[in-house]
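*Asks:* The hints should help you fit chain B onto chain A, whose structure is shown.
Chains A and B, in that order, give the protein sequences.
If you're matching positions, the first sequence starts at 1 in the working numbering and goes up one per residue.
If you're matching positions, the second sequence starts at 1 in the working numbering and goes up one per residue.
Possibly wrong hints are sitting among the right ones.
Computed, partial: chain B to chain A, Cβ under 8 Å [as the list claims (entries may be wrong)]:
1. Y32
2. P40
3. P44
4. P82
5. L89
6. G104
Subject to a maximum C-alpha distance of 30 Å in a straight line, what follows is the list of computed DSS-like cross-link-like pairs (lysine-lysine) [what the hints assert, rightly or not]:
7. B:K99 with A:K62
8. B:K111 with B:K17
9. A:K78 with B:K94
Keep in mind the hints are simulated off the structure, nothing from the lab.
Quick reminder that beta carbons are idealized off the backbone N, C-alpha and C, glycines included.
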Amino acid sequence: EAGVVQSPRYKIIEKKQPVAFWCNPISGHNTLYWYLQNLGQGPELLIRYENEEAVDDSQLPKDRFSAERLKGVDSTLKIQPAELGDSAVYLCASSVGGSQNIQYFGAGTRLSVL
Amino acid sequence: SQKIEQNSEALNIQEGKTATLTCNYTNYSPAYLQWYRQDPGRGPVFLLLIRENEKEKRKERLKVTFDTTLKQSLFHITASQPADSATYLCALIKAAGNKLTFGGGTRVLVKP
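The shape of chain A in the complex, shown without the other chains (with noise of 0.2 Å):
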């Protein structure tokens, strides 16, 4: 069974620039979430998703950042545009729900901001 697979791992980009992230979860996973996460620092989540509805993005820097989960499965977050503090590692991750809540996660993508 193939786990949660993100593109690309590694993205440079200018300032200013716009990215856009992709995330493709586990199959049969309802929910899924993408995570920032800083060197050193554990997973801080900045959106959830219940299939297609966004049921938590209070942690989501809405005027920049976007994300989209069309037809509930795959999703895409973008930033435009782009700040130096952006430069992250950024986790996609999913699960089958329910209170105990145990999560999948992709390899991430590493993005720098120049």
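*Replies:* Using the frame of chain A, we list chain B on its own:
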């Protein structure tokens, strides 16, 4: 404010010894506590889950304890091996909702 703290200093340990990691939390009433392993350049991988009414959980060489009075979880790796070298993250889930909140992680280095 809510806080989850893990020792930010790396834990260096000799192969064969037991590694013990701590996860402390404040202003939080978790229903579940999870531990994940993260290798460089990879996403976290789920290891163990313990419920608020459980004191201890084991899986092979791993043991997790959960003390809701002390607001602390301990994570033990017995008979440690160099392959156990990684960063270990604790994560908490409140009783309501299923948002996972992570600690900063502790890096473990097992020397042969």
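*Asks:* So, for every hint listed, does it hold in this structure?
*Replies:* Here is what the structure says about each hint:
no.	hint	verdict
1	Y32	holds (6 Å)
2	P40	violated (11 Å)
3	P44	holds (5 Å)
4	P82	violated (22 Å)
5	L89	holds (5 Å)
6	G104	holds (5 Å)
7	B:K99 with A:K62	holds (20 Å)
8	B:K111 with B:K17	holds (10 Å)
9	A:K78 with B:K94	holds (29 Å)
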